[in-house]
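Protein sequences appear in the order of chains X and Y.
What the first sequence shows, in the working numbering, is residues 4 to 388, in sequence order.
What the second sequence shows, in the working numbering, is residues 32 to 372, in sequence order.
Hints in this document: simulated from the structure, not taken from any laboratory.
Yeah, the Cβ is synthetic: ideal placement off N, Cα and C, and Gly gets one too.
Some clues are possibly wrong.
[Stated by the list, open to error] According to the in silico footprint, chain X covers these stretches of chain Y (three or more CB under 8 Å from chain X):
1) 241-253
2) 348-359
[Stated by the list, open to error] Between beta-carbon pairs, the in silico distance windows are:
3) X:Ala282 x Y:Gln314: 54 to 62 Å
4) X:Leu122 x Y:Ala214: 31 to 39 Å
5) Y:Thr329 x X:Arg166: 18 to 26 Å
6) Y:Lys33 x X:Trp250: 33 to 41 Å
[Unchecked claim] Example chain Y residues on the side facing chain X (calculated, C-beta under 7 Å, incomplete):
7) Leu47
8) Ala170
9) Ile185
10) Ile191
11) Thr193
12) Ser200
13) Ile210
14) Met299
15) Gln321
16) Tyr325
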Amino acid sequence: MSAPAALRPSFGLRALTAGGVALWCLLAAFPIFWIGIMSFKSPVDAFAADPLDVVLGPETRAGGAGLSAIDLLLGAATLYGLYRLAARGVPAAAARWSPPGRLWLGWILAGLGFALAALIALVALLPLAAGALNAVAGPLGAPILGATAEHYVSVWVDNQFWRNFANSLLVTAGVVTVSLTVGTLAGYGLARSGSALAFWILIIALIFRALPHSVLVAGYLPVFINSAELLSPILGDAAPTLYGQPWAVIAVLVSINQPFTIWMLRSFFQSIPAELDEAARVDGCTHLQAFRWVIMPVMWPGVITTGLFSFLLAYNDFLVTSLLLDAQNQTMVPAIAGYFNRETTTTDQVEAVAAAVSITAPLFLLVMIFQRQIVSGLTAGAVKG
Amino acid sequence: MKFRTLAIFVGPSVFLMLLFIAAPLVGVLVQSFQLTQPRFETVEVETCTPGFLTQTCVTEEETRPVLGPDGRIVTETVWVGWQSYRNVLEPERVQAALAAGSWSQLMTIDFWKALRFTLTFTFLTLPLVLGVGLALALAVDRTVKSLRGPVIFISLLPFIITPVIGALSIRWLFIGDGILTAALEGWLDRDIAMFAQGWTIELLMLFYRVWHVAPFAFVILYAGLQTANSDTLESAIVDGASRWQRLRYVTIPHLAPLLVFISLIHLMDCYRAFEEIIGFSSQAHVISLQWLTYDFLTPDDSGNRSISRASASAMLTMVGIVILLIPLLRRTWRDHRGTRG
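Pulled out of the complex, with its shape left as it was, chain X reads as follows:
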């Protein structure tokens, strides 16, 4: 569509627009990529005042760790390949691998497959290939860029960050599964019922959505700590202490997330024509059967999107997990507070940076794969709700 010349934006306006977008992209990406760079440098380089020192890492290179031109080229090629794979291959594979009507299974398979492929390519294949090429390339194989993975090793291996990772995985998977199961049923019921009760549930859920989480945690803490005593009349000696239990945190996070989940899923179910399940009802299905056989096969795009947001809530949570879990089974995000609270040396700080990058990396992959679903989720909630 070409507008008449008089209506086309002036050169100045176009330059302003392009400049503004470029500036925003720089601002949006810079802090994240910068901590990515910092995490691979020795402490002196990572916190150097001169940005060039941080990028090139002379101290790190002097320490004997560095990347050659060949490494860089190979690395860039691998990353680009992974990006293409994520943007094109993964959705296609998800569609191909999923049994009919089980799109989510395909997505999980494709996602796991992609994560595995990325891990193998980056950790195993890339260093091998680059090492072999460096050995024969002569001057091209000499390190020009300082980089070291030692902070990652000390965070993941020495400080046992993998335990926190496993806890995060457990809590996140639990929250996503339970909150989708419960939320889908509620969302469907609320979307198909025009009764005053449904309306009131939605309004009250909206008010619950606004509550600061610390208000709720203040209510949980005394009960959770004393739960063994409080529950013993009912459960006897089997009464558990809820404090420090991952499954108790899962229940809490699911409930905190319910208001948001049911609002979002309700708007998705409203976009599915009601004629569909009415036809099934005419054919003699009950509401539950109609839901099972007519709605479930077509609801997966909405459920995947809502699942993404549940994932983010559980994965990013600091307040609830830090107060309700003890040090033994802490998740990743509160665990990182332990690093920067004891920042006595700059090495500790770079380790904190490496831990932060480790937490961010899965989110980065998530945006790569699910960009379309995230955008549609954001807009669906707003445009219809």
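With the hints as your guide, set chain Y onto chain X.
Just chain Y now, with coordinates in the frame of chain X:
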């Protein structure tokens, strides 16, 4: 749909919300009027030290916690009325500060300090988020089609990143002689310490919050722009409306419901500002209401959590958000009622 069917569908969800949201709220309300403390008793203790000929004995009164039959400290819960609220609000110190007319004296009281920050933070970021989001949506709407995907991808990064880590990533650019502090020092030709005083930290927090939330506003407004009615825009052009007039009288009214929605979500989220305090470790200078409750809930040096004070501050926080949201909730209510019939 019959009531019974609806009950089956929403039952589990409502049950969870009642158990884990409504019940704790009632619990917090009750706790805020109670105080649970170890019970103390005063006993006479006679301590004797061996001396020449006879022992030297001293009798002292000692206060110690009562131990139950299982060897644990016995606690007792008493009703203290508004005492916990008074401990949080500290009305005497407020009166003294007001009598002295001293703002800085008032700002030494934690609750009022937190309230001041939370409110200014919420209302300063709201227009910034809406403005940046709208500007970005308009700009991206005009750029080449092939660039939009990557721009949205990059924009989603600050939105999706873990809030504590987002705050940390900005902090690490400025900490000590980090690259941006060094750049600022070179530019302004003076020594700068970004984390030594409150207002610079608040500036960084403002930047962080806008950086974190503007993508959300941008994506929603951008989607809203795609559904804009091109007929109205064209007739505005035919009528000779300038670019600014088209934005003011056609585009913004079209986006108005979305702007209200973003404001609603932003008010809710910004009022519970908390991760900034952790990420920037700013508790010495700047605190927020939710952080105040969090701080009461974390065990202090002797391992005690001040549950009653936390409950009082939580209730006060809740009253605040309800007051803030009433106008917006009433609007949502009216819209909802309107579309439902």
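### Query
Against chain X, with CB atoms and a cut of 7 Å, does the hint on Leu47 (chain Y) hold up?
holds (4 Å)
### Task
Given the range 18 to 26 Å, decide if the beta-carbon distance of Thr329 (chain Y) to Arg166 (chain X) lies inside it.
holds (22 Å)
### Query
How about Tyr325 (chain Y): closest beta carbon in chain X under 7 Å, or not?
Holds. Min distance 5 Å.
### Coverage assertion for the region 348-359 of chain Y with respect to chain X, Cβ distance below 8 Å, three residues required
Since 5 is at least three, the answer is holds.
### Range agreement (Cβ of Trp250 (chain X) with Cβ of Lys33 (chain Y), hint 33 to 41 Å)
holds (34 Å)
### Message
Hint Ile210 (chain Y) vs chain X: min CB-CB distance below 7 Å?
### Response
holds (5 Å)
### Task
Have a go at the Thr193 (chain Y) hint: is there a Cβ in chain X nearer than 7 Å to its own Cβ?
Holds - the Cβ of Thr193 (chain Y) comes within 7 Å of chain X, reaching about 4 Å at its closest.
### Query
Taking 7 Å as the limit, does the beta-carbon of Ile191 (chain Y) come near enough to a beta-carbon in chain X?
holds (5 Å)
#### Entry: Verdict on chain X covering the region 241-253 of chain Y, where coverage means 3 or more residues with a C-beta closer than 8 Å
With 5 residues close enough to chain X, the hint holds.
### Message
A closest beta-carbon separation below 7 Å is what the hint needs, so does Ile185 (chain Y) meet it against chain X?
### Response
At 5 Å from the nearest chain X Cβ, Ile185 (chain Y) passes the 7 Å test, so the hint holds.
#### Entry: Agreement of hint Ser200 (chain Y) with chain X interface, Cβ distance less than 7 Å
holds (4 Å)
### Message
Using the nearest Cβ pair, does Met299 (chain Y) come within less than 7 Å of chain X?
### Response
Met299 (chain Y) check passes; min Cβ-Cβ to chain X is 4 Å, inside 7 Å.
The earlier numbered hints are all upheld by this structure, with none contradicted.
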